[in-house]
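Asker: If you want the building blocks of each chain, they are given just below.
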Amino acid sequence: MGKERTDLLRGTLDLLILKALALEPLHGVGVSRRITQISAGAFRVSFGSLFPALHRMEEKGWVQAEWRASENNRRAKYYRLTSSGRAQLRAEERDWSQVVKIMAAAVESA
Amino acid sequence: MRSRIGSFFRNLLRKGAVEQALDDELKSAVELLTQEKMKEGLSHPEARRQALIELGGVEQVKEEVRAIRPGMFLETFAQDLRYTVRILRKSPGFTTVAVLTLALGIGATTAMFSVVDGVLLRPLPYPQPGRLVEVGLDLPGINQFNWPLCPADYFTFREQSRTFQDIGLYYTGFGASLYSANVTGVGRPEHVPALGVTDEVLPILGVTPLLGRSFTRADDEPGSSDTVMITYGYWRSKFGGDRSVIGKTIDLDGKPTTIIGVLPQSFRFLGMTDLGVLLPLRPRTQRGYNYFAVARLKPGVTLAEASADVARMIPMEVQGDPAEMQSHRLNWFKESRIGPNLQPLKQYMIGDVGKVLWVVVGGVGLVLVIACANVANLLLVKVQGRQQELAIRAALGGSPGRIAGGLLVESLVLAVIGGALGLLFAYGGLQALIALAPSDLPRLNDIGIDRLVLLFALGVTMVAGLLFGSMLPLRYAGVREGTGLRETGRSVSASRERHRARNALVVIQVGLALVLLVSSGLMIRTFQALIHVQPGFTAPAEVETFHVHFPPEMIKAPERLVRMDQAILDSIEAIPGVSSADFSSAVPMDAGAESGPVQVEDHMLQGQLPPARRLFWVSPSFFRTMGIPIVAGRDLTWDDVLNKRPVAIVSENLAREYWHNPSDALGKQIGNPKAWRQIVGVVGNVYDDGTSREAPATVYWPITDADVFLGQPGFAIRSARAGSQAFMSEIRQAVWSVAPDLPLSAVHTLDYYYRNSMARVSFTLVLLSLAGGMALLLGAIGLYGVIAYSVSQRTREIGIRMALGAQREYILRLILGQGTKLALIGVATGIAAALGLSHFLSSLLYGVKPTDPLTFLGVTIVLVIVVLLASYIPARRAMRVDPVIALRYE
Numbered sequence: 408m409g410k411e412r413t414d415l416l417r418g419t420l421d422l423l424i425l426k427a428l429a430l431e432p433l434h435g436v437g438v439s440r441r442i443t444q445i446s447a448g449a450f451r452v453s454f455g456s457l458f459p460a461l462h463r464m465e466e467k468g469w470v471q472a473e474w475r476a477s478e479n480n481r482r483a484k485y486y487r488l489t490s491s492g493r494a495q496l497r498a499e500e501r502d503w504s505q506v507v508k509i510m511a512a513a514v515e516s517a
Numbered sequence: 002m003r004s005r006i007g008s009f010f011r012n013l014l015r016k017g018a019v020e021q022a023l024d025d026e027l028k029s030a031v032e033l034l035t036q037e038k039m040k041e042g043l044s045h046p047e048a049r050r051q052a053l054i055e056l057g058g059v060e061q062v063k064e065e066v067r068a069i070r071p072g073m074f075l076e077t078f079a080q081d082l083r084y085t086v087r088i089l090r091k092s093p094g095f096t097t098v099a100v101l102t103l104a105l106g107i108g109a110t111t112a113m114f115s116v117v118d119g120v121l122l123r124p125l126p127y128p129q130p131g132r133l134v135e136v137g138l139d140l141p142g143i144n145q146f147n148w149p150l151c152p153a154d155y156f157t158f159r160e161q162s163r164t165f166q167d168i169g170l171y172y173t174g175f176g177a178s179l180y181s182a183n184v185t186g187v188g189r190p191e192h193v194p195a196l197g198v199t200d201e202v203l204p205i206l207g208v209t210p211l212l213g214r215s216f217t218r219a220d221d222e223p224g225s226s227d228t229v230m231i232t233y234g235y236w237r238s239k240f241g242g243d244r245s246v247i248g249k250t251i252d253l254d255g256k257p258t259t260i261i262g263v264l265p266q267s268f269r270f271l272g273m274t275d276l277g278v279l280l281p282l283r284p285r286t287q288r289g290y291n292y293f294a295v296a297r298l299k300p301g302v303t304l305a306e307a308s309a310d311v312a313r314m315i316p317m318e319v320q321g322d323p324a325e326m327q328s329h330r331l332n333w334f335k336e337s338r339i340g341p342n343l344q345p346l347k348q349y350m351i352g353d354v355g356k357v358l359w360v361v362v363g364g365v366g367l368v369l370v371i372a373c374a375n376v377a378n379l380l381l382v383k384v385q386g387r388q389q390e391l392a393i394r395a396a397l398g399g400s401p402g403r404i405a406g407g408l409l410v411e412s413l414v415l416a417v418i419g420g421a422l423g424l425l426f427a428y429g430g431l432q433a434l435i436a437l438a439p440s441d442l443p444r445l446n447d448i449g450i451d452r453l454v455l456l457f458a459l460g461v462t463m464v465a466g467l468l469f470g471s472m473l474p475l476r477y478a479g480v481r482e483g484t485g486l487r488e489t490g491r492s493v494s495a496s497r498e499r500h501r502a503r504n505a506l507v508v509i510q511v512g513l514a515l516v517l518l519v520s521s522g523l524m525i526r527t528f529q530a531l532i533h534v535q536p537g538f539t540a541p542a543e544v545e546t547f548h549v550h551f552p553p554e555m556i557k558a559p560e561r562l563v564r565m566d567q568a569i570l571d572s573i574e575a576i577p578g579v580s581s582a583d584f585s586s587a588v589p590m591d592a593g594a595e596s597g598p599v600q601v602e603d604h605m606l607q608g609q610l611p612p613a614r615r616l617f618w619v620s621p622s623f624f625r626t627m628g629i630p631i632v633a634g635r636d637l638t639w640d641d642v643l644n645k646r647p648v649a650i651v652s653e654n655l656a657r658e659y660w661h662n663p664s665d666a667l668g669k670q671i672g673n674p675k676a677w678r679q680i681v682g683v684v685g686n687v688y689d690d691g692t693s694r695e696a697p698a699t700v701y702w703p704i705t706d707a708d709v710f711l712g713q714p715g716f717a718i719r720s721a722r723a724g725s726q727a728f729m730s731e732i733r734q735a736v737w738s739v740a741p742d743l744p745l746s747a748v749h750t751l752d753y754y755y756r757n758s759m760a761r762v763s764f765t766l767v768l769l770s771l772a773g774g775m776a777l778l779l780g781a782i783g784l785y786g787v788i789a790y791s792v793s794q795r796t797r798e799i800g801i802r803m804a805l806g807a808q809r810e811y812i813l814r815l816i817l818g819q820g821t822k823l824a825l826i827g828v829a830t831g832i833a834a835a836l837g838l839s840h841f842l843s844s845l846l847y848g849v850k851p852t853d854p855l856t857f858l859g860v861t862i863v864l865v866i867v868v869l870l871a872s873y874i875p876a877r878r879a880m881r882v883d884p885v886i887a888l889r890y891e
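Protein chains in written order, with my numbering: chain D, 408 to 517; chain Y, 2 to 891.
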């Protein structure tokens, strides 16, 4: 169901993941749930996209992974935003609002 | 960046740990999701199933993550490589055939390329070779081209030129009577190939001596002391590389001569091999149009500008002549329409041999394409058999890219193994090629496998691998879950679609094979036509020939020389088994005969130059020894020769040109008006330029007419023993009994020159036939493979047909029809391609048109028979199918 809705705009996935991790460290499933939550159920990220994205961010040093006990005492891999990850989040937020402003202006003028 | 490189190595080195962590992470994700579902009230198994569905397949997610990890590319590659090795080892038959096919194709192409590289591509071994030009003259008025210069030209060009930085004159001799010198006084007397140069030649070529000094202008002055430079090879063999050789004196043609320099090992001059000594040319003591010139252009000067400059200077060269001589010569310049002939030195050296080489390279390249098509075909069969495996890999999470990559790696591995083996083949083949090459192939010594050739082989290998590899993934990487698995059950016959690629490959193979077979067929027809032409002499294998060179001071006593030549002849005729012998200025077809204008008394042309004729100076029995028939009149006699009677003999075509009937030529006067000679005999035509050219109109003068040839005559002996070592040593003894220690050179049978005249044709013929044979074999294998495979796929269908009452003949026709259709399409394509391409051969052909219908027809028949045979074998197998077994089978 809703396959189209999970096909996020290219580039917005990173922003959403960074945003999801801004509050607290989360494991993969947690990130997925948090994104659904903050988007009020509009976005559902497939794990086939989510995990590669998390690993890519880890390679880039935006997030750091560590194994921890989960809410029900299972071991899970948690991702935590690093300082460069926070900087990236701010940059992407800025870019995004820029895009939104431009797009809104463009659409209204038409 | 550093952290990225670090993680690259971490991923690579701690691959196990990284994999483990990924596995753990996904396992925990599955558990988290399962628990989530269980909280919603699902049973554990159902919750787990839902969790896996939501995750979208653990292996797929892993593959996606692996793909973004740095270093994963190498890891994937290594995995594919291991897998490939396993696959290839599992089917040694397939691997052997594929690798051998590729090795043959790549090896042949590489060997041929190294010849092209050594002969055509590599720059001349001189600094700034692009500025070096060969300077000659064209005289279209008397139909003479690339004439040598005379010393006056050299002095004029040297002093007056605006475009040459420098110009030097050199002398090599002509044909088989190459310039050479007798060396005595050190060890055994020797006859060594020599080169005469003015002092500018070595500096123009940028050659500095290894030891001692080069020539200076003083060495070129008449009357200066005699000096010589020796080549590296001669220095090593004659003087054992003794460094104190500079300043030593050797006897050259009887004159004490000082060694002033040793040339470096790298020194090469044009195509000359085993050059021994370099002598000052001393242009002031020389005369006649006998010398070639090499010049270095000033920077930025074009060939056209230099040509214009030479054209301007040519008339200036008469200024040193007496007044009445000047107007005579200028008149001759006008009538002969004398003009410059400047060529880049490299082009002058290579000549038109490039045509032959490119044709052969093209042929060999086609074989490589056919080999690639064959391997692609084999791979297609292979992959078709592995469809189930590929489908499983796709279902288990192999992305199309990953599967395609794997198949490409397999192709490349095959290509690399084939290429490596091919390089070995090339090393071996090159020796054979060099042995086979026509002797006029320049720079033969420079041929070898160098960096450029290795690079070429690597390039060809990679292109070949990608070529046949890229045909596979396009079709098979697309196999998605389900389709591949489903299709392999108890199925209907293979669809047309699946055979299209293989059929196309077979058509290409058959077509290209036809092109190659037509080319070799045309060469065979050319060879036949050439052999068919009677060269003008008979049984050339029974004529032994050699040259002797008397020391220059003896040439000043022609009476003594002619007696010595005669004495040598007498002594040779006393050898058992000799039926006839003679001496002459040149041996037919040895490229040593001269040309010059000959006037005819009753056909004097006013204000026009007489045409140049081929000229021989001969002793009596020249015609008997060569087996040239006397058409009218008589042979020369010793009385004619010794008493210098004004007589001459002409060839039949010359006689017919003027008097229509050979016997009408007898008694007519020819030569020049100041000293007419009477024609006493007419002899058969001789193809002195090789049988592929017209026989030149020829005049034979008594040899006593030209003293110079008495000093360096070519002897010819007719005997059934010709060509044997024992016979030659008896001849040597006979010569030395008259003139002790006189060295013999250019020892060859007449047949050697005859075969040499066809060397280019036979070289092309042998190589194209080899290529054609390989193409035919590969094409037949390709077609056999396609039909055999299709029969094995259609076994069930054939069984059903037979069960329903189809006759065996019908099945045979069905399968043969399939092969015939492919073959005919291939043949049609091939004929079209061959018609388009065969004109590239036309300059090599003789007596046959590039579109020769007989060749096309013959080749087509041969090809069709072979491919029918190739499809008949599997067709017979199909005919024997037992319906009961066929239907139960699979």
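In short, the hints are calculated from the structure, not lab data.
Hints should not be assumed to be uniformly reliable.
Unchecked claim - Here's a subset of chain D near chain Y, in silico, CB distances under 7 Å, partners left out:
1. P432
2. G435
3. S453
4. F454
5. G455
6. F458
7. P459
8. H462
9. V507
Claimed, not checked - Not close to chain D: a few residues of chain Y, all C-beta gaps over 12 Å, as computed:
10. A22
11. K40
12. Q145
13. E191
14. T286
15. P345
16. I351
17. P401
18. R694
19. D708
20. W737
21. S746
22. Y790
Ideal Cβ positions, reconstructed from N, Cα and C, are used throughout, including at glycine.
Asker: Tell me, in ascending order, the numbers of any earlier hints that this structure violates.
Answerer: 1, 9, 10, 11
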